[in-house]
Structure formats: structure tokens, C-alpha cells
Amino acid sequence: MSPTRSADQQAALGPAAPTGSARAAAGAGTPGTGRASPAVHTIELRKCYRGTVALDGLSMTVPRGEVFGFLGPNGAGKTTAVKLLLGLVRPTGGEAMVLGAPAGDLAARRRIGYLPELFRYQSWLTAREVLVLHCRLMRLARARWPAEVEAALCTVGLASRGDDRVGTFSKGMQQRLGLGVALLGEPALVVLDEPTSALDPVGRHDVRMIIRGLRDRGATVFLNTHLLAEAENVCDRVTVIDRGRSVATGTMAELVGGQASVRLRIAGLAGRWWQPLERFGRWSGDRDWLLVEGIAAGQVPDLVAAVARLGGRIEAVVPQRPSLEDRFLQLLGEQ
Amino acid sequence: MSLTAARRGSAGPALTIAALTITEALRRRLVLAFAAITVAVVGLSGWGFYLLSHRSGITSGEATLVLPTSYILFMFMFSFVVALSASAIASPAVSGEIDSGVLHAIATRPVRSAEILLGKWLGLAAVLAAYTAVVSGLEFAVVGWSSGYLAPDPVPAAAFLFAEGAALLTLVLLLSTRLPTLAAGVIGVALFGIAWLAGVVGTLGRAFHITALDSAGQVMAYLLPTNGLWQAAVYYLEPHSYVIRQLASQIGRGDPLFTPTAPSAGYLAWAGVWFVLVLGAGVISFGRREL
Chain W
10 MSPTRSADQQ
20 AALGPAAPTG
30 SARAAAGAGT
40 PGTGRASPAV
50 HTIELRKCYR
60 GTVALDGLSM
70 TVPRGEVFGF
80 LGPNGAGKTT
90 AVKLLLGLVR
100 PTGGEAMVLG
110 APAGDLAARR
120 RIGYLPELFR
130 YQSWLTAREV
140 LVLHCRLMRL
150 ARARWPAEVE
160 AALCTVGLAS
170 RGDDRVGTFS
180 KGMQQRLGLG
190 VALLGEPALV
200 VLDEPTSALD
210 PVGRHDVRMI
220 IRGLRDRGAT
230 VFLNTHLLAE
240 AENVCDRVTV
250 IDRGRSVATG
260 TMAELVGGQA
270 SVRLRIAGLA
280 GRWWQPLERF
290 GRWSGDRDWL
300 LVEGIAAGQV
310 PDLVAAVARL
320 GGRIEAVVPQ
330 RPSLEDRFLQ
340 LLGEQ
Chain R
161 MSLTAARRGS
171 AGPALTIAAL
181 TITEALRRRL
191 VLAFAAITVA
201 VVGLSGWGFY
211 LLSHRSGITS
221 GEATLVLPTS
231 YILFMFMFSF
241 VVALSASAIA
251 SPAVSGEIDS
261 GVLHAIATRP
271 VRSAEILLGK
281 WLGLAAVLAA
291 YTAVVSGLEF
301 AVVGWSSGYL
311 APDPVPAAAF
321 LFAEGAALLT
331 LVLLLSTRLP
341 TLAAGVIGVA
351 LFGIAWLAGV
361 VGTLGRAFHI
371 TALDSAGQVM
381 AYLLPTNGLW
391 QAAVYYLEPH
401 SYVIRQLASQ
411 IGRGDPLFTP
421 TAPSAGYLAW
431 AGVWFVLVLG
441 AGVISFGRRE
451 L
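Residue numbers (the numbering used here), protein chains in the order written: chain W, 10 to 344; chain R, 161 to 451.
In case anyone wonders, no lab produced these hints; they're calculated from the structure.
Don't take each hint at face value.
[To be verified] If you want a taste of the chain R side facing chain W, the calculated C-beta under 7 angstroms gives, among others:
1) THR176
2) THR268
3) PRO270
4) VAL271
5) ASP374
Ideal Cβ positions, reconstructed from N, Cα and C, are used throughout, including at glycine.
Kindly produce the complete structure, drawing on both the sequences and the hints.
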């Protein structure tokens with residue numbers, strides 16, 4: 010396991026302690042050579058707009074090759090954080106390193122794909138021309154342009170509309186085009202800001218497949234979303250932010266797994282037979298169904314075995330894991 | 161990266177943005193609209209010059225005053241069209257694209273903000289230059305064909321006409337890095353009008369020996385050289401006989417559409433410096449702007 014992953018796993022337990030600079034942690038900021046550096050590393054990143062705090066000391070680490078969900082309610086500071094990472098705005102304080110270079114570094118930008126939340130492309134160009142424009146701006150070798158453009162059009166389902174003007178596209182098609190733009194040049198980091206906001210269910214499914222394809226290729230995906238189901242489906246790890254601060258970071262299992270519960274339907278036992286088993290969690294329920302809350306992940310088989318040893322006939326066991334939405338609302342409530 | 165590659169790399173994005181800006185002007189039918197209006201107006205002026213020279217009954221002596229005056233008057237109107245066009249195409253160039261979000265996808269590419277702004281300036285200036293060249297050439301040819309009158313130096317006149325428009329374009333582009341589209345355009349046109357009025361005041365001050373008015377005109381010509389460049393264009397449209405007749409009377413000397421002398425090398429140098437300063441201010445302003 011690489012030192013970077015160790016550091017990251019430490020950070021997974023909560024906001025990273027602001028020890029040392031982001032530059033040092035991100036591998037001295039040498040684009041192209043910092044293979045071991047995290048895709049994204051921020052320390053106490055802060056942004057104020059005329060006295061209003063948009064981001065209040067965000068510390069996080071996103072290892073390479075991970076699909077990272079950046080979650081939070083509206084106005085939590087998600088888009089501000091994305092703009093800071095891309096160098097569109099300057100931080101009021103703190104540090105941000107992206108692909109081993111300071112945020113906004115031109116060389117690093119060549120390896121970043123970005124779908125903005127406000128996706129607008131030149132309405133007077135065709136989809137193909139928009140993609141060629143971005144190939145040119147990325148300074149890709151001209152010989153690669155046709156293949157890159159065709160691959161992007163096919164991946165986002167616009168192969169048959171490549172020669173149509175963007176002005177004739179629906180919002181969903183424009184978002185697909187934006188996704189295609191973000192995929193050009195095999196980027197090492199793809200930043201997707203609310204990538205399915207204009208898409209129908211088929212489009213959302215397509216986006217999930219694209220994200221999984223990127224992960225398979227080894228790219229890092231930074232998914233900024235407030236759609237929790239979207240994050241739950243594709244993300245390896247998520248950070249939840251609220252009011253500009255990270256309130257929780259971890260894998261899906263870490264975020265929601267610790268709060269598991271299980272419903273049991275038991276026959277053959279009478280009275281408060283479960284009292285010897287209260288070490289597994291909080292028991293409640295009626296004669297038909299019992300609920301054990303707060304049971305640790307992996308303890309359900311032991312619980313079932315213990316019930317059997319007491320002579321109970323186990324008719325049903327229904328493990329219940331709270332959804333990310335439940336956990337999300339709980340975290341925001343705690344704030 | 162080698163020095164050559166670095167140089168090529170720094171020029172590339174600006175030229176890409178410039179080409180994009182020109183394509184936008186063509187695709188949005190801006191150029192087509194300008195062309196249609198131009199053909200109509202130049203056609204009308206050709207008809208007018210034909211009537212003036214063939215049907216008005218003026219003598220050849222009167223013609224040496226009437227035809228140059230009419231030609232300069234037409235170009236004066238055209239200079240306003242150029243200026244308004246420059247303001248109209250420059251005002252949304254930055255602020256409009258920030259508001260719409262179009263610029264965000266471009267600004268996150270490996271492109272410097274200076275390259276984006278310089279590219280836009282290059283593209284817009286190229287559109288303006290082409291428009292000025294076509295209209296100036298057409299007017300020269302149509303008037304010559306319909307009336308036989310040939311303005312003396314149409315090429316430098318067209319160049320200064322373009323420079324006048326480019327000055328306003330540069331100023332409005334600077335304003336567009338900070339102000340909303342409408343505000344940038346309106347302020348730019350207002351400043352252009354003020355500069356023109358100050359030029360008229362300065363001309364009257366010189367003709368009637370009122371130093372304060374002369375000075376006001378001079379100061380404004382340095383602050384915003386649009387009128388100074390227009391006066392230079394006028395100078396190259398004036399035949400020698402026209403200059404002599406105008407200088408012969410105080411009214412002629414006070415004519416705001418008359419320029420007795422060529423622009424000084426010092427003033428032209430300052431105009432060049434002004435372009436660099438205002439464009440540089442635009443680059444700095446845009447570089448500091450957060451998207």
C-alpha cells in the first residue's frame with residue numbers, strides 16, 4: 010500500500026489535520042512526474058466572497074483511480090470548491106494541489122476534463138466543431154483529433170448528431186456534449202459538476218456507465234452532486250460538506266455501514282428471551298418481528314447463531330442498511 | 161518544452177480564440193447584416209453623388225468643395241457605424257460569455273487568461289478591419305464611378321478609420337472584463353461621443369483662438385484618441401484645393417469636418433502607447449477576474 014493511500018485512509022476518518030503543506034503532501038508539485046501524488050489534495054481551503062464564507066477550511070484527499078463523490082446540500086460550497094480546484098477562482102486561504110501541481114496549473118489542466126454545472130457551448134458551432142476546438146485548446150496532436158472526437162461522440166450517444174449545431178440541441182444533449190468535451194484526451198482527472206442535472210433516466214444510466222469506464226481506465230472521477238443515489242451507485246468514497254466544511258469522509262460502508270440494523274422473525278421462544286443477546290444491539294419489536302438496531306457490520310451471522318443456540322426457529326432475517334440519504338440527513342442534522 | 165515549442169504554444173491558443181471569434185461573427189450572420197446594410201448605404205451614396213455631379217448644375221469650382229465635403233460627410237457617418245459596431249461586438253465578448261457560462265469550459269483548458277483576451281481582441285479587430293476595408297473600398301469605387309470624384313488617399317484614410325474603431329473596441333473590451341454587457345457598451349459609446357464633442361470644441365477653440373476650448377480638445381484627444389484618429393482619416397480624404405479653400409475662411413477653419421494638418425508622429429506614437437496600455441489593462445483586469 011502506498012504512503013499516499015495510507016495518508017488518505019487516515020483522512021477518511023474525518024477532515025485531514027492541517028499538518029504540512031498541500032504541496033508537500035501532493036508530491037512536490039511536479040506535473041507529469043507526480044504519479045504517486047493524490048489526484049486532489051486540499052488543506053484548510055477557504056473562500057470568502059465579500060464577507061460571505063463559501064468554503065470554510067476544506068481538507069480532503071482524493072487518491073488516483075478513485076470515483077470520489079463530493080456531496081452536500083445546495084449552497085454547501087461544492088461548486089466553489091470545484092472552481093478552486095480548477096483555478097477559476099483564487100482561494101482566500103489554504104492550499105489545493107491537483108494532479109501534483111498547484112490548482113490552476115496550466116500543465117496539469119491538460120490532463121483534466123471538466124463538465125461545468127452551467128454547461129454552455131458555442132451554439133453556432135456543430136458538436137464536432139466544439140470537440141475539435143477543445144482538442145486544439147488542449148494542444149492534442151492533430152493526428153489524434155478525429156479518433157478523439159469520434160470516440161467522444163460515440164461514448165456520449167451523439168454520434169448521429171455530430172454535424173448538427175449545438176443551438177439545435179436540447180439541454181440533455183448539451184450536457185452529453187459537455188461530458189464528451191470532458192472525456193477528450195484521456196484525462197487523468199475528470200471533474201463532473203452535477204453531470205446528470207438535465208438527463209433522463211437513460212442518460213443517467215449512460216453517465217454511470219461512463220464513470221465506471223473511466224475508473225476501469227484508471228482515471229480519477231471527482232463527482233460533484235447533490236443526487237445521493239447517483240453517488241451511492243458509482244462512488245468508491247464520498248465527502249459530505251455542509252456550510253463550506255467537510256462533515257464526513259469515507260467509503261460508502263464506512264459512512265452508512267456502522268449504523269446497520271436487522272429485523273428478525275423468530276418462533277419457538279417466549280418472554281424476553283433476547284436479554285442475553287443485548288450485546289448485539291438495541292432490541293425492540295413485537296411478537297412477530299424484532300428489530301436489532303446498531304448491530305456492528307458482520308455480526309448478523311453471529312446473532313443468528315446465538316438465537317439458534319437458544320432454541321429459536323429462525324423464520325426470517327432481514328438485514329437493513331440505512332441509505333446514504335438517511336446518513337446524509339443525519340449528518341446535516343448533527344451540524 | 162523547447163523555446164520554439166513554448167513560443168508556438170503561447171501563440172496557438174490566442175490564434176485559436178481569434179479564429180473562433182471570427183467564425184462566430186460569420187456564423188451569427190453579423191457580417192452578412194453589415195454587408196447588406198453597407199451595400200444599401202453605399203448604393204444610395206453613389207446615386208447621390210451621381211445626382212450631385214450630373215444633375216445639380218454646380219460648377220466645376222463648386223464641385224471642388226461640394227464633392228469632398230459630401231464624401232467626408234459620408235465617411236463621418238460611416239465612422240459612427242464603425243464605432244457603434246466595434247462597441248456592439250466587443251461589449252459581450254467577455255462579460256456575456258462569463259454570464260452564459262461559455263467561457264468556463266475554455267478557461268479550464270491549458271490557456272492563459274491573457275491568451276483568451278488577446279485572441280478575442282485579434283478576432284474582433286480582424287472583423288472590424290475587414291469591414292472597414294470593404295466599405296472604404298466600395299465607397300471609393302462607387303463614388304468614383306458615379307461622379308468621377310476620387311478621394312486623394314483612401315488607403316491611409318481607411319487605416320485611420322479602422323484605428324478609430326479599434327480604439328473604441330479596445331476600450332469596450334477592457335470595460336467588458338468588469339462590467340455587464342449593456343453597461344460596457346453604453347459607457348463605451350458615451351465616451352466615444354464625449355471624445356467627438358471635445359474634438360469639435362477643440363477645433364472651434366483653435367479657429368476662434370479660445371485657448372481653454374483648444375486645450376480641452378487636446379486633453380480629450382490624448383485620453384481617448386478616437387476623435388484624433390478620425391481627424392487623421394479626414395486629413396487623408398481632403399484634396400489640396402479643398403484644404404486651401406477651407407483655410408481661406410475662419411468658418412472653414414472651424415469646420416469640425418476639416419483637418420488642416422497631418423497627425424504628428426508624436427500623437428501617433430501616443431496612440432500606439434494608448435492601445436498597449438488599454439489592452440494591457442484589459443489583460444490584467446481579466447486575469448484578476450474570478451469566473
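Need the list of violated hint numbers for this structure, in ascending order.
5
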